[in-house]
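Participant: Okay, here's what each chain looks like letter by letter:
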Amino acid sequence: MESQLLNWMIFTPAIGAGLCLLPGISKQAARKIALVASLITFGLSAQIATAYYAAGLDGVQFETSIEWIAAINAYYRVGVDGLSLPLVLLTTSLSILIVLASWKIEKATNAFMALYLFLFTGMMGVFLSLDMFLFYVFFEISLLPMYFLIGVWGGPRKEYAAIKFFLYTLAGSICLLVVMLGLYFLTPAATGAGNTWVMVSSDPGVVTLQSEAVRGLFAQTGEYWLFARWAFWLTFIAFAIKLPLAPLHTWLPDAHVEAPTPISMILAGVLLKMGGYALMRITYPFFPDAARYFWVAVAIIAVFGILYGALCAMAQTDWKKLVAYSSVSHMGYVALGIAMMTRTAFDGAYYQMIGHGISSALMFFLVGVVYERAHHRDLERFGGLWLKWPGYGGWSMVGFFAGMGLPGLCGFIGEIMVLLGTFEAAGNPGFDPATVYTLGILAAAAVVLTAGYILWMFQRVYMGPEKPDYKEYASVTGREYVIMATLGIAAVVFGIVPVLVFNLTDPTFTSIMKILGVSG
Amino acid sequence: MTPTQQLIRDLFVTATLLPLASSLIVLFIGKRVMGKGAAWFATAAMGCGFACSVYGLRLWLEHAPGTILWNVPWIPLPAFGGGWLYLGAMIDGLTVAMMVMVTGVATLVHLYSIGYMKGDARFERFFAYLSLFTFSMLGIVISNSIMQLFVFWELVGLTSYLLIGFWFEKRAPQLACKKAFVMNRVGDMGFLIGFGILFYKLGGRLLLPAAAGAVDAEGHAVVTMFDAIRSVIEADGYSITNPPMWLTAAGIGLFFGAIGKSAQFPLHTWLPDAMEGPTPVSSIVHSATMVAAGVYLTGRLYPILTPGAHLFIATIGLVTLVMAACMALVMTDIKRVLAYSTISQLGYMILGLGTGAYAYALFHLITHAFFKCCLFQCSGSVINAAHHQQDMRYYGGLGKKLPVTALCYFVCTLAIAGASIPYSNLGISGFYSKDGIIAGTINYGHAMAAFGPYAKLFYWGPLAVAYLTVFYMARSFALTFLGKPRDQHLHDHAREAPWTMVLPQVCLAAMAILSAPFIMPFWLDLIVGSEPAAAAGWLQRATDLAHGPAMHDTHAGLLQGVGWIIALVAGVAIYQPGMAISSKVAAVPGIKQLYTWAYNKFYFDALYDVFTVSLVKTVSRIVGTIDKYIVDGMVNLAGWTGRFGAFLTGVFDSQVVDGAVNGAANVAASGGQLLRGTQMGRVRAYVLFLFVSATVVTLMVITVTLAAR
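Quick note, the sequences are listed as chains A and B, same order.
Just so it is clear: in the first sequence, position 431 is 431 by the working numbering, and no numbers are missing.
Just so it is clear: in the second sequence, position 37 is 37 by the working numbering, and no numbers are missing.
Among the hints, erroneous ones may be present.
Within a straight-line C-alpha distance of at most 25 angstroms, the following computed DSS-like cross-link-like pairs (lysine-lysine) qualify [unchecked claim]:
hint: 1; chain 1: B; residue 1: K31; chain 2: A; residue 2: K388
hint: 2; chain 1: A; residue 1: K471; chain 2: B; residue 2: K31
hint: 3; chain 1: B; residue 1: K484; chain 2: B; residue 2: K118
hint: 4; chain 1: B; residue 1: K170; chain 2: A; residue 2: K471
hint: 5; chain 1: B; residue 1: K484; chain 2: B; residue 2: K401
hint: 6; chain 1: B; residue 1: K201; chain 2: A; residue 2: K467
hint: 7; chain 1: B; residue 1: K484; chain 2: B; residue 2: K584
hint: 8; chain 1: B; residue 1: K36; chain 2: B; residue 2: K170
hint: 9; chain 1: B; residue 1: K400; chain 2: B; residue 2: K456
hint: 10; chain 1: A; residue 1: K388; chain 2: B; residue 2: K584
hint: 11; chain 1: B; residue 1: K484; chain 2: A; residue 2: K388
hint: 12; chain 1: A; residue 1: K388; chain 2: B; residue 2: K401
hint: 13; chain 1: B; residue 1: K201; chain 2: A; residue 2: K514
Derived from the structure by calculation, the hints contain no laboratory data.
These numbers were taken from a predicted model, which means no experiment stands behind them.
Can you make the complete structure from the sequences, with help from the hints?
Facilitator: Following this line, the structure appears as structure tokens:
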């Protein structure tokens, strides 16, 4: 039974999607189907988490493998480990809130819910795939529903944003595909084990792409060192686009600004994390030597991304765009944490993803609540919202201050660990301490900019006297408060109890760090 | 851990958590369930916290239980062999003294606020914030590690933001709270750098140095920052007098946090603006809590600071105390005089810590908390009585109308002046603490004499400013309470504040007298006892601690004379008739320029506005524009190129292949129709196209790779 859990987790949303599209299903029924499907998936993920915990948290668990396309040796191979489990839990729990946040969508509700559930399946598939081909398929599958969700239910420039999102990320996928094909053709000759797509496996008999033999090919002393360097950058670009890391980020603000609120929430909350997840799952463990070789370049891009995103956020007059650029800045921390290749920074980067999943979803929802009533997002035209809705103002404070990385809230732990881990990298073999310190100092400088743009926004939107046009705004509903409070409380809980995540990730990360071979 | 230690720990932890609990209760259900009673509830909770602290103090004095350490694992550090970043509690003499002082002052401020905030639209919420703020400060005081200190450090930043910006409808508080937070973050940036360096060098062992030699709750010996630094630098052949660069850098980096929080030069400009908050906020922020945090941090770091870091800290303190005193001399807003006087007094403490007067600097923190809190509360009562007029030029003769407030203000003026009975060892609390600091600076100045005549500034500066302090405080007292009323209407309506406001003033004024060592010896004793013995043995300092014989020399020579009386009388005499005399003096060429400079706060605000705020905003606008037109422009260009290519392909397609999709269809404008089959077909065509091109690229890469082998 337990081996089937993962399959159910992946396909329950897809079944729900099918049900939504059946003729005769009313809008309300479609909403309920989506909610039930999300709840079931969440329940299953909770069960998986418990079982994974009980099984000692070690390595890949619940692995299922079915031959899929024999001609190219592709398997349907799924499983869960410490790297994927927290993100899976984030996705399933966020999903319930997303459905609740979509409750009032009246335009083609059934199609919306069906597409969202397809997207859900795609996300689960990405995190649970152990086979690279399958991963790629799910990675692509998640693009299409997103394309329609933005393109049909979006704002005034939805077509432009949707196509940009689709093509930009697809361009990234192509980079990934190139590497995949290379790996496929280059590995068997050396290993003698035939072609393989397996990224990681609990079965010691399976040759994985991060096994020592395969890694040896792509090591600095290996046969395909040139390919490894290309492959490192191509996969890095593929996932940096998804993350997104400046300067490959420009699809994101447009997508966010045009996307409807719940879709912005899932986009920032989960889809961006696929980039960071894949960097940790593929780019770094597959090509650790290349990663060490290029660490300075990656770290510089990451720090640049942090500062660049923060400066761009400061320049925005569109509220949602500001939040979108803050995501760019925050994802820079993820990239920096990964680039520094120390355990603390790696842990921090991962926590930053979880924390940002909560805080960004909350921030986009907060913006959405107002946009629904004001029908504009011009920062200069707001002010005094705190007076209008004190409760809403309170949760806003939680959301935006979590984004700012205030201690006691979820954004802090990732940020501080990335910073500390960055300094720790001065001890990595081959890492020049002066460069490491410089990068650390620049990253620390970003905390000032972050405070600057968040507080400036807060002042313009929430402080000051109420505006006369607020009189027409409907009051914040109970459903909206439930979503805000759930995310707000989660932000507090994950700011106070970091072991909630670190307990799950610890053994897996230990083995990844061993592969990276930089520090314990 | 003995039962007594456990009890003491529990008492102080309870005292820390009580305000958090009451804050949350007031915030979520206070208004609905308790109404205005929420304020009394928060005050009572704070009072309970104070009672816990006092009981803890009693037990501590009775049993002398030694440093109590309680570590709660928080963030795992697998990189360092199963280490952790800890939260928890570390209780030594300094912690005890600070806990009692902070809870005591906070209780009085809560009580005062009941009177002051009466009738405010967000009355209950004010108390929730105030309690949360106190909780944050107590969290700093009870910290066992740099990590916990930083967590609560930031929470103090947040809660001060809420309090300073409490009247956020108005423009000035909005700007003030934002400024306070951002300037603190500038300091935090330095803190983070120092934190990062220590984290790396010490392998995550970040328990505060004061815990050296203590055992944790299970009785295991712990490795503190102090032990770790010692072993790390000694392994490299260094010592504290011949320290490695990084240790000095880390010390200065962490101290930057204190520069921000304690409003030292050059990050001092947020503090006067923070006067935009309600006056009870000023009274707590500028005495017992926020600004005290920076000094407290420096005190906690004291054993690991290198001589280089000490020199840096002393210099910052010296510059601050002189500069701020000059500004306090010319301000006409009563709260601003007090604000600059706070900065100046903080400069004394920082200078004291820099020069090695550890105990007296921290003792000054305690005494200053009492009298400065009282001064602010008195100013609040005056402002309340004067219909929110804060300009002293409109006051005068208020002493008759507010006799208790005037008396309290006068007592605290004496305290800040360091008044004593001439030719005796008896004085008010501020006398002992400030005198100890000056003694330390004299020692330091002598020790640094090898570095030239500038070393003398380290003691002539604080000494001169000591008299300047008396003078500007006498000025504010005279302008407010003495002389003839300068605004008759204001004077006619002035009335003494309600008892909730007067009582705290009286208590604090009493404490300003009573905390002198010959009445309440425990304050100073607790602090003296808190300097880690292990550290004292190891550190061969350039200076001795500023107690011992040196102090009595300064008693005889400096403040114990009649100097303070001369300055006081001069201040009262000049300003008792108002600004008439001083405005003539200020018109004298030479003095006029100085006056203008000081009155404009040495143009720091203007400087920062141009060189930081505007600069960052301009850069952000430029970056935003680049992002929009160049970075995104390139993406769009690629898109248009692709689309043009697709158009050409489409034309070719429709010419050659019958029934192919219309390539000229505007893809980007067809969102509503995307679900239609032809459009699905288009996306599929893209995917196919990309797959094909990917295969081509792959083959190229592989060919290149193989060819290069």
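Participant: Compare the structure with each hint and give your call.
Facilitator: Right, here's what the structure says about each hint:
At roughly 17 angstroms between alpha-carbon atoms, K31/B and K388/A fall within 25 angstroms of each other, so this suggested pair holds. The hinted pair formed by K471/A and K31/B meets the criterion: a straight-line CA distance of about 24 angstroms does not exceed 25 angstroms. For the suggested pair K484/B and K118/B, the alpha carbons sit about 30 angstroms apart, so the restraint of at most 25 angstroms is broken. Of the pairs offered as hints, the one joining K170/B and K471/A holds, with about 20 angstroms between alpha carbons and a cut-off of 25 angstroms not exceeded.
In summary, the hint linking K484/B to K401/B is supported, as the alpha carbons are separated by about 12 angstroms, within the 25 angstroms threshold. Restraint check for K201/B and K467/A: the C-alpha separation of about 53 angstroms exceeds 25 angstroms, so the hint is violated. Restraint check for K484/B and K584/B: satisfied, since their Cα atoms lie roughly 19 angstroms apart, inside the 25 angstroms limit. Taken as a hint, the K36/B and K170/B pair is honoured in the structure, with Cα atoms around 24 angstroms apart against an allowance of 25 angstroms.
Between the alpha carbons of K400/B and K456/B the distance comes to roughly 45 angstroms, so the proposed pair goes past 25 angstroms and is violated. About 51 angstroms separates the Cα atoms of K388/A and K584/B, which puts this hinted pair outside 25 angstroms; it is violated. For the suggested pair K484/B and K388/A, the alpha carbons sit about 46 angstroms apart, so the restraint of at most 25 angstroms is broken. Under the criterion of a C-alpha separation no larger than 25 angstroms, the hint pairing K388/A with K401/B is inconsistent with the structure, at around 41 angstroms.
Between K201/B and K514/A the CA atoms are separated by roughly 22 angstroms; this keeps the pair inside 25 angstroms, and the hint holds.
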